[in-house]
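Student: Protein chains in written order, with my numbering: chain Z, 1 to 464; chain R, 465 to 648; chain F, 649 to 1709.
Calculated directly from the structure, the hints in this document are not laboratory data. Don't take every hint at face value.
Claimed, not checked - A short, non-exhaustive set of chain F residues, derived as facing chain Z with CB atoms under 7 Å: (1) 1367; (2) 1369; (3) 1381; (4) 1387; (5) 1486; (6) 1488; (7) 1496; (8) 1500; (9) 1524; (10) 1551; (11) 1557; (12) 1568; (13) 1569.
Said to hold, decoys possible - Distance ranges between label pairs, derived from CB positions: (14) 177(Z) <-> 640(R): 28 to 36 Å; (15) 47(Z) <-> 1681(F): 50 to 58 Å; (16) 545(R) <-> 1382(F): 19 to 27 Å; (17) 371(Z) <-> 1311(F): 53 to 61 Å.
By construction, the Cβ of each residue, glycine as well, lies at the ideal position given by its N, Cα and C atoms.
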Amino acid sequence: MAENQQLIEGNQTYASLDTVIGDVVLDQRRHKLPWLTTFGIASIFALFVLPLTLAWLLYQGIGVWGNNIPVGWGFPIVNFVWWIGIGHAGTLISAILLLLRQQWRNSINRFAEAMTIFAVMCAGMYPLFHTGRPWVAAYWLLPYPNIMAVWPQFRSPLMWDVFAVSTYFTVSLVFWFLGLVPDFATLRDKATNKFAKYAYAIPAMGWRGSHRHWHRYEQAYLILAGLSTPLVLSVHTIVSYDFAVSIVPGWNVTVFPPYFVAGAVFAGFAMVLLLAIPVRALYGLKDLITMRHIDWMAKIMLTTGLIVFYGYNLEVFYGWFSGEKVETALMQWRFYGPYAWAYWLLIFCNGIAPQILWSPKARRNIPIVWTVSFIVTIGMWLERFVIIPMSLMRNYLPSSDRMFIPTFWDFSMFFGTIGFFIFMMFLFVRFMPSITIFEMKDLLYKLGADKKPQSDAVGAGEAH
Amino acid sequence: MSHAPIAPKIYGMVAEFETPDQLVHAASRAKEFGYTSIDGHSPFPIHGMSEATGFKCNLVPWIFLVGGILGGLTGIALESYVSILDLPLEIGGKPLFSLPSFFPIMYECTILFSALAGAIGMMALNGFPRPYHPIFDCPGFERASQDRFFLAIEADDPLYSEIETRRFLAGLEPINISVVEEEE
Amino acid sequence: MEDQTPNRLDMDLVRQKLADKRGPAYWRSLEEIAETPEFQGWLDDEFPHRRTLLEIDRRSLLKYMGASLALAGLAGCRGMELEELKVVPYVKQPEEMVPGKPLFYATAWTLGGVGLGLLVESHEGRPTKIEGNPDHPGSLGATTAQTQAAILSLYDPDRSAMVLNDGDGSTWDAFMDAVAAEFSNQKAVHGAGIRILTEVVVSPTLKAQLDGFLKVYPGARWHQYEPFARDNAFDGANLAFGQPVEAVYHLTKAKVIVSLDSDFLQDGLESVVLARQFAEGRRKLTAEDMNRLYVFESQLTCTGATSDHRWSMKPSSVHAVATALLQSVRSQGAVSPPKELSGADFNAVVQDLLAHRGQAVVIVGDQQPPEVHAIGHALNVALGAVGQTVTYHEPRAAHAVHTGRDLKSLVDDMNAGKVDVLVMLGGNPVFDAPVDYNFGEALKRVSRLRIRYGLYEDETTDACAAVDGGHSWHLPATHFLEQWSDTRGYDGTATVAQPLTAPLYDARSPHQLVAALAGDGAPGHDLMSDGYQIIADHWQSSGHISGDFDKGLAEVLHAGIVPNTTLAPRVVALKTFDAAPPSTTGFEVVLRPDPNLHDGRFNNNGWLMELPRPMTQLVWDNAAIISLKDAETLGVQRGDVVQVTVGKQTLAIPAFPQPGHPVGSVLIHTGFGRTKTGSVGMPTQHQSLMGFDLYAKTVGVDSYVLKTSGAAAYVTGATLTKTGQSETLVSTQIHHSMEGRDIVRAGTLAEYLRVPSLNPDKLANPPIVEQGDLDTGVPTETPEQPNIDMYPEEIWTTNLPQWGMTIDLNLCTGCNACITACQAENNIPVVGKTQVMKGREMQWLRIDRYYGGADPDNPSEVLVQPVACVQCEKAPCEPVCPVGATVHSHEGLNQMVYNRCVGTRYCSNNCPYKVRRFNFLDYSNLQFQFTEPATLINKIYKKDGVSLLKMVSNPDVTVRGRGVMEKCSYCVQRINDARIEAKKAGQEIQDGAILTACQQVCPTKTILFGNIADKKSEVFKSRSDERAYRLLEELNTRPRTSHLGKVRNVNPAITAQEGTA
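Given these sequences and hints, build the entire structure.
Tutor: Pasting the structure below:
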């Protein structure tokens, strides 16, 4: 109990929770200069850089990127896998931790789910546009009867991707929305501004907190969590099949599925911390996202990080143990080739840097945790770069070896999606409760916090 | 504390409480008293309410299950029909029915269908979306989603009577009691 | 201008003009025909002194005209240029023309003084593909890369499209008026002021015509010049035999071949027949049958790579080797071995030669000085080769002159002011003449008429126009597929070449032009004289065609050769001559014609520009090719610019260190760095944005600045210095080592006879040799690898033919002909240097090149390996395609469904052979971006040209759009064609009925294609050969293409030191 106490700090009441969380949305005065500037910068990338890049891409074809033969997949797929990975923390936190009855999840799951949705949006952009002709890819990849009597080819991992990613997106969206309904109702009832009232009334769908509804609602929410858990594990497994199923040296490794999933969680938690830390500072949510949360998330990062690092070592071992000349050559290329810096930097970012989190002091030191999360986020991108283009640069026939050099448009699209992501996150924080209100109340109730003596319980609502 | 003495149609009588425990306690008392159509409203799920009111409904899990089964079958059926009957192609020397390659999509379909069926089914059972409900007219009900807990005894309850019910509710020491009319 | 109304026209005049108008007649307006002052005025408006206008306007304007004329011209295309009166609209179908079914016409092409008999494919009068003429002794059905690409020049939008007078647009009639006026003056002095400069003339008709011209104007002179004519060879023959004879080799009879710096397997059109003969001697792998090739060369060539023993040395050192060989052969034993190779090795070579008297031959390269040629001849005499492996004939060329000296005398006359009228038939002397002649300056002394007749407006055109005083004329020449002509093949066999189409532009054939000049010059008369008639008259008078002439000529045209016209052998007697060793200092610079661009005449041909040079794999550039040692001492990497200084001449050019290149010599190819040519060959600058390379600099530098008349062969006394700048040189292969993998299998004949296998595993533990099936003579197939597969072996059981291919690395010389043939057959676009730099070349077929041995400076062996899609039976590319755009046919083809492809590029990633090509940009429609960035502006500005370029497309093959993957299809269009033919004949497809483009063009018959399910087929036999292996078969991809390992006929006495695997 003493431990759990730290999950909510300060003298919170149901009403004060509403205020702390709800006012972030309802009280505009909270959105000051830092919000506006960051949002401004993000929107430049989201609304200008990204569309411009895509326009040029569609006009010219993917030749504007650095891709070539043999490196058919360059930045776009690197970024795709990177974003998908980031998108994993959300559902994982909500679903798995819910099943494991980890109450500490309540204050971060909403936030993480939103992250998932937007990350998957960014990810989804890449496979679509990296064909250079999305208008074809978009509908030829879907199975539907047509006049040409052609269908997709279901043996292709890319086809599996289409299903996995779209399913993941849909289910995450549903999960997220369900969680929001009661909070929309709260905001609806709390809002004073008429427009806001209507705006929240519509998605609230007339939620009135009847215990019958709560009954079914909880059943559904729990089962949905149960479904999301195998889903979230399957998605990155299937993404890893894109590589593991092929015969490309450096790709056809059986260790990929587990270490891709671990990597996804790793990256996901890093991103949650990366965003949650400034947000909790910016919006005074320190009482709800406490040091304890940060500490636990850091622990998870450490664990998954170790799994990922094990994966790297296994790759090296495989390269040597398989006795395959090609595999060995590839490993040496990673160690000593022109892109060796990427490999060693990766080892530092994902292998060395997280080790500092062994120390509890470090785990509770905000700057350190944030820096590590940042390093890890970079490291995870490098991992995909090392796996995808760097493997493709080397071939069974040395004659076809070629270097891959990214172009301006490779970077502009990458940063464009980052901008888009931050843009969406800010809109989310601005317009939706970034912490699940009703679950926090539930938690408060379970912790018996409401029994604490309160100044004036009756007028708690009006007090603020 | 004022309400219309005569109303064309009454939805029911609503008592407002301050803590979840009071609500649960009230609900169980009402059940013992013999009330059948009781409805409780709270800002967060209160465990024990369903037991207290004797409400049972396990339809939702079944919807999920059926949805899942249907999804899985749809997935494998689609893949088999396409790859064997409608568009049989020689692909890398693999057999037309290559189950290992078909499994992932079948799996994803299972989850997709199950999740959608469950979510939509739950909404349907709860009768959402329902923008208007009489109880919204209950004074102070906006706090039902914030920090108050309401117990409604509906007018269609056989034991419902203006006086008895009020007395009964009053015995539960609510913050206040109000009769809610149903709009025409 | 409403006062100039048509009713002012004299309609009678119009009709009359139309009546005597001949040749394709197109007119914009009645005014034009009437040539009324209004029209002249309008013309002036359209071309107001265009010299002053911007280059771009000028060129695009020309192209608009070119394109429109071309389209009009095509509408009236016939297989051959018929008499115009007979032209009928296409309502009644001409005989033997089935729409959609191509017709083949025999014709011939001439390059570097050698003719090659061809069959050209024509779709409804639109020539699309060039093949060799199997009946022609110089072709035997094969061609070279340049020949394949010649078709593209026909449709080149940058071709010279109209007559230019002093740089302004004009007409042929105007030209004839000018000529008539000038020549009438010249009549008085018997044409003493007239000079005619041609390239090396092979055409018997043209020779006769020019001789006729000289009769009309006795004072006139006819000069020939070509930068890479056979000057040294003729001088050498003169030195050895006292007469300029042409050596014709018969390598089929040769068991030992010594190449003294000669790339006879790749260089020039004669390489086609020589390579075929050479290959015949390497098919049977027995000590008796297999020939042996020794190469002493000053650069790494295809011949050197194919050889059994190769020594690289400075060009000047070849002389020493030749002399030593001659002395040793004469004295029956090795004396004074040259320092380039050890005494033992040298002795071994000598003994080998002596052991094969009458079966040995020595071939000397054209870039070697006359002395070495003389020694070569002497060696052949000493070896009793004459009459056996080599015969001497009168030259193919009309006059066996030393073109260098010939040009000199012309330049002297010009400088002396003796030349009033200079007529230049082809060639580009201002660009490629020796610098010390300073031809451009001399032109200024040609006071009255400077007439240039050529396929392109080039440096010479500009130089002529730049001179003030007198007048300059540029006359558009016909492409060889647009004209009646004739030529002589390698052995002298004459061919009457017929046109495949009417001229696309307002061009005339050289025969028409000379006829006009020789005639009385009545305006518009002789120029209209029928090119056909000129040729026909010549051959009628020549008397080679017996019987009814028209019938006879028809047969000759059909066959593509004129019977018994081979040049008579000459009896030669060896004179004593002194062959002083060359004095040499410093670096030696060898200027060679670019393997693709020749002397620069193909400079505007995208296919050739982008075709990787043999060995260097360099595209779009020339470079200073030096040895690795020299690169080290100079401290330069690939692309670092070095300053080559010869006397006063300097040249800054990026260096290209090349394994196997001799120390102390620089090889530089010519034909690049043009100052005036089409848009493909024009150099552009490097561009970059924010540190990202956008467009690489193209294309090469002009190396003729180092060409001086003094040096007969190569320049000595050069110095190389590092400049510090650096440029991007793009080569399509960056890794040159097999890294110990089992990719190209090679071995020595001795070893192979002991254990008949090249399989490393088998060699590790030799198996029992399978006995061939004695009844059929078909060897039992080498056991397939065990089936390692989770799926049943046979998914589809079918009795359809199963297509397969074999590539015999023993025969492949790496000459690149197959690549260009594939490009022409399958509508493969050119993508430009920048795209190749990024790794996006589109050629479906590539020739990998690997070096063997420990010493990078002098690799013990160089291996070439053609690789296209091997059509895996268990293709890794197929299961990964999400839309089923690449699937397997029941005949075992790995098919690409272009219009289903969405462009995920997963198939390419998963292809272990990396033979798939992707349209990263809209290459097929952006053909203008060879050298320029693909901006909207030049998209508009070049559109017309592209529409013309598209006419070269093969209608049987889809043109791929942007974002689509493509790859080798085993020429499925040809398979289908053969299937239809077989159905019509009601029989199975016969073995050999299908020739893939690469197979058909190959001079050495390296490639075999056919039905591997048919145990009798050639391809099956070859597939079952002991040397056959499937590339990367350990991946269980089951390729349908097998490679046959290379077996070198190494001289056991030398094995230890050279040429071992």
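Student: Which earlier hints can't be squared with this structure?
Tutor: The structure breaks hints 1, 2, 8 and 16; every other hint is satisfied.
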